[in-house]
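*Asks:* Read off the chains here:
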Amino acid sequence: MSRFVYYLIISNMVANIIASVPRILLGKSEGGAILTMIMALFFGVLINWLLIRTFSSFPGKSLPQILDLYVSKWVSLPALFTLGVVWYTAGLQTLISYVDLLLRFLTPEMSVYTIFATFVLVISFGMVMQSRNVLSTLEVVFVMLLPLAIYFLVKIYFNEQLNWDHVKVAVMYIDHPPNYTVFAAASYLFVGAFDIIVFNSLLKKKMVFGFKQAAIVLLLGTFTLITTYFVPIGILGFDKIEDIIYPWILTSDSVRMKFGVIERVIFIFLLIFLAIAFLNIMIHWHVSFKLFKHIFQLDKLQSRKKNIAKSVIIVIFWAAALFITIQVTEYDLFLYSIYFFNIMPVIVIGLIGILLVVKRRAKS
Amino acid sequence: MDRSEQQTVMPAYLNRLAKQLEPSADVVKKTLKRKGDIVHILYLKSVVDMMQLQAIVVKPFYEISEDQDFAEYIKCLPYETKMPTGDEEVLIEITKGNVFVMIGKQITLLELKMVAASAVQEAKMEPTIHGPQLGLSESIETNINLIRQRYHQPSLIIETLQLDECSNRSIALFYDKDRVKPKLLENIKKRLKTLDVELVQGGADLQYYLNNKKYSLFPTSLLTERPDRILHNMTAGKVVIMVDGSPHAIIAPIVFFDFMLSMEDTYYSFWVVMLIRFLRYGGLLTCIMLPAMYVGITSYTPDVFRTELALTVAASRIGVPYPSFIEVFFMLVFIELLTEASMRLPTMISATATTVGGLILGTAAVDAALTSNIMVIVVSLVAISTFVIPISEMSYAVRASRFMLLLYTTAFGLAGLVLGTLGLVMYLINKDSFGEPYLRMFWQNRQEELKADKG
Amino acid sequence: MKRHIFSILKPSVIVMLLFTLLLQTGCAFKDIDKRLFISAIGIDPPEKSDEGYKVTLKVALPFGAIKESAKSSYAYLTEEGESIGEIIRMLETHVDKVLEFGHMKTIVIHQDLMADNMDTFMDYFFRRGDIQLIAYVAGANPSAEDILRVEPQTEAPASLSLFNFFGDTATESPYIVTTFLFQFRKDLISDGINPVLPLVETTKEHDELVVNNAIVVGKQQEPVELSNMETKYYNSLFKGSSGFSYKVEHGDDRLLLNISRIDMDYEILTKNDVPKVIEMNVKMSGIVGESKHPLTLSKLDEYNQFSSEEVKRKIHSLLKNMQEKSVDPFGFGLRYRATRQYHEDIYRTWEKAYPDIEFKVNVEVKLQSTGTIE
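So the sequences go chain by chain: F, C and H.
Be aware that the first sequence starts at 1, since it is given in the numbering used here, and climbs by one per residue.
Be aware that the second sequence starts at 1, since it is given in the numbering used here, and climbs by one per residue.
Be aware that the third sequence starts at 1, since it is given in the numbering used here, and climbs by one per residue.
Hints listed in this document are in silico derivations from the structure and should not be mistaken for laboratory results.
Take these hints with a grain of salt, some might be off.
To be verified - 30 Å max Cα-Cα, derived DSS-like pairs, lysine-lysine:
1) C:Lys181 / F:Lys205
2) F:Lys168 / H:Lys283
3) H:Lys30 / F:Lys168
Stated by the list, open to error - Residues from chain F that keep clear of chain C, each with C-beta distances beyond 12 Å, as calculated:
4) Gly32
5) Leu50
6) Phe152
7) Phe223
8) Val315
9) Ile338
Unchecked claim - Selected chain C positions facing chain F (in silico; Cβ < 10 Å):
10) His152
11) Pro154
12) Asp303
13) Ala411
14) Leu414
15) Gly416
16) Val418
17) Leu419
18) Thr421
19) Leu422
20) Val425
Bear in mind the structure is a predicted one, so any value in this text is a computation, not a measurement.
Even for Gly, the Cβ is constructed at its ideal location relative to N, Cα and C.
The shape of chain F in the complex, shown without the other chains (with noise of 0.2 Å):
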């Protein structure tokens, strides 16, 4: 598997740490989330093996171009069409969350509009850029994150307030029945490497998805699974974890560096993930506009027309984006995401079995 493969897992995984997920999690936190999370564990990696295994077989291909191979418009248009949505959903939600903790946590006092105009400038650039170099910032940007990443990590695993009697009262609901929502937003952790069905038309080397791969994936999710669940849970206790909002960010509040630079460790947390996540966003709202400019044939349109109909694009996206940033309440937010993650497992699956079928195709 390409490298890159991975920095698309993980930066999903990681960008999710923030979001809606750990709510969902934690909110079934006397439920059945330790046993749906085993599950989604497994199904992640599942997703993953089928995903990588159908697309090793159209090295340097994007899924656009797949379809177009073997499949009438009359299935792929509708296909891709979703799928630019779907994308477009992912971003927007990593975006609206965004906004929302930066109003709360970083600048309080600014307005909506001022925050969310940060976005768009940067956004916009990495929607446009070559797939390539989106590629090369996503490398170069979590080369310049990972020191501070793993400090933070350490930090905050060999932090003493972090109370394993409290994790062990939740590893005791373990018996617990599975729920679907939690499912679906475990499991949500692991499609970053869908975002392959565009950038595999730059992975031009056949892709290998053994024992080796399936073992760093199950790895990285455990991991990831792990710290989202129970590190909040050790440091901000068991009960009543649910109430909590942003659990993770609370949880970065709670830890100190005694001798650092800065004392409050949040600042640094909050400034990491906004880079993460601006990858997350990037990433996603540029598969969905490589997309929808296959779908609406721009490559065709001469220089002129093809660059007012790529801003026609971006304006759409921002200004959906906006009016739903200034909507939706938190309450709406967790509830649509929820909507959301139990839409994404069909997705998933719908489009692993068109791939099949397509592979099937192209192997008669």
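For chain F, the structure is supplied; the task is to place chains C and H on it using the hints.
*Replies:* Positioned in the frame of chain F, the structure of chains C and H alone reads:
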């Protein structure tokens, strides 16, 4: 008419050439006459080495015995340059310091150049403690010599070509043909040939023209005066371009990290180099982000500071009438002026300028409560860390980009700082230098990946 | 193609940036010297009415030259009202600058308020995003306002004494319990543990702060004040604080032990699914710090033995005392929940069993030397 008389008169061709050079005072046309033999020479005395001319052409002409053929002798001289076609080209050769020799129907160009500025200069812009102390010279011959002296490989190719501009300088391309990528070489040559410029004066402006973009902040090729850097890059498969009369060479293509490399790095042990690099990248981050960070923290999120620091900063800002971003902006402009002034002044005066500007004005500004003393620390830190960047073009670009970041942070706070920095990174990644990506991580299989990208 | 992108983006970027800069007249842009940093907040019962609270804010004032000003300088704002948020809103009208809560690091609560249901007023602190969760929470005697108004002689400018007490960067003592806001919240809402807060007191002259007691906040019960000795034991056993020194008397001998390491673990033993016994094993190692009589190394074992006995008795009485007051600052209940499979009655079982539970304490003191002299 007598045969000999006929030949004493300048041949029409020579006259035609001479006429085009007139009325320059340094045009010399001479006819050497000896029994039976007549040689016409035409040259510009200001660029020709008279002693050599005397020793190589004039003296042998009179000393050579009659039965030997002087024409043959001239032909065999090692100084001969290839005769171009067309009057214009011949004239250009003459202006370069070639002596035009005409014996009967045989015409020859002899390169007897006298180069005033062939001395090798000390490397001023990129000094190192260890490593070679001398840089390039202003003469391209000397430079070619310098490179050949240091790189004994038959695969080292030096191609000279001429640009289509009015000074007709020669330009030399250096590359190792075993290592360079043919596609890249082709790309650079094409770019050079299609240049449409009035005048190229040296490496720096050629670099700008090669850049091909009117508005560009970061350099996409590197200008150096150090032979060791040239070789370092040449062995990495890059192409070096030199312009006659300029002590700088252009290296292309280039990636961002090349600008952060000082040649000193190759002369120290591993851990020392790691430490220096760490300092250098730290300096880079500091000088880009610190001013913006000051504004972002003091004016938007003072919670980031430790309490003691917050109080100190608040205390130092008491009485300062301007908001922080104006304060930072003023001080940055001030420090830029100071840097700029001390660079243009002769070394003796520049020390005074920095003292007056830096020390006296700085203290006075704090005393007058026009700025806070924390701000003075911040600005000096920024100024110092700018100089840690080894290549001055990059440090200019960085100086400019921090204003952008300052603006973005002023508008959007700390989130703006982070996103602005990411935007800058993205801008760099999106850039390319002669078709090669500008900023990318280096891993082992990089070449392979690049191939995959394009294939 | 790339150039086209720039040609669209560039002008819009510049226009947008300038536009936002112009808009920057009001909202979020506030310079640091236009803010007042609240460093501590004190909550007392009201004096004028029966309902509500009295809030005191301690504001750190930045001074022209911190190095030159010998004395720290603070301003105090006091107001009464029905709820904390309301009072703070009112206090905002008392000053010309923005009240900044980002550096509020100590919450001092009057001892009497601990009897009530504390989460009603603590809610404000949990809910507000810009209050750090790593703020310290402390009890106050005689009143929060008095404690905040104390400016000890040793206090340096720009560095509040209260922070140094709890911050672990300056003084460290087994008598000082440090409780962070998040920890307080965690213990307050979790079943099976009671939060413990340090108790800050002052001398009669109001020129010193004294922190050597702790207070156990009850949930339905009255708060229980721990003595110095109990505080020290609680801190050393359950919070892992170092610097424990202990005086043992044995006949005519009097030894002061400096304990450098304490390992404690305990287990809850059940009989018929009802917790019966808590078995606690404590291992201490250290050296003798002070003695009335000359010591001999050969008798170290003997010293070990009678020290163990003494320590054991003290620990037992601490545990017993807490049990009698029916509070559980040690989190035994939590541990019980953490080691048993969840069922609905699990906590009720514990609550029923706790008053009758039996403590078995084994202490093993290991003295390594008698110090530098025998």
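*Asks:* Assess, step by step, whether the Cα of Lys168 (chain F) is no farther than 30 Å from the Cα of Lys283 (chain H), and give holds or violated.
*Replies:* holds (25 Å)
*Asks:* Would you check whether Leu422 (chain C) satisfies its interface hint, that is, whether its CB is within less than 10 Å of any CB in chain F?
*Replies:* holds (6 Å)
*Asks:* Far enough from chain C: is every CB of that chain over 12 Å from the CB of Gly32 (chain F)?
*Replies:* Check passes; 37 Å lies beyond 12 Å.
*Asks:* Are the Cα atoms of Lys30 (chain H) and Lys168 (chain F) separated by 30 Å or less?
*Replies:* violated (45 Å)
*Asks:* Taking the minimum C-beta separation from Val315 (chain F) to chain C, is that value above 12 Å?
*Replies:* holds (19 Å)
*Asks:* A closest beta-carbon separation below 10 Å is what the hint needs, so does His152 (chain C) meet it against chain F?
*Replies:* violated (38 Å)
*Asks:* Would the pair Lys181 (chain C) and Lys205 (chain F) pass a check requiring their Cα atoms to be no farther apart than 30 Å?
*Replies:* holds (22 Å)
*Asks:* Run the C-beta distances from Phe152 (chain F) to all of chain C and say if the shortest one exceeds 12 Å.
*Replies:* holds (15 Å)
*Asks:* With 10 Å as the cut and Cβ atoms as the points, is Leu414 (chain C) at the interface with chain F?
*Replies:* This hint holds: Leu414 (chain C) lies near chain F, its Cβ roughly 6 Å from the closest one there, short of 10 Å.
*Asks:* Hold the hint about Val425 (chain C) up to the distance rule: shortest CB distance to chain F must be less than 10 Å.
*Replies:* Hint holds; Val425 (chain C) Cβ to chain F Cβ min 6 Å, cut 10 Å.
*Asks:* Taking the closest Cβ pair, is Pro154 (chain C) under 10 Å from chain F?
*Replies:* Where the cut-off is 10 Å and the nearest Cβ of chain F is about 36 Å from Pro154 (chain C), the hint is violated.
*Asks:* So, as I understand it, the hint says Leu419 (chain C) touches chain F; can you test that by seeing if any CB pair is closer than 10 Å?
*Replies:* holds (5 Å)
In summary, the numbered hints that this structure violates are 3, 10, 11.
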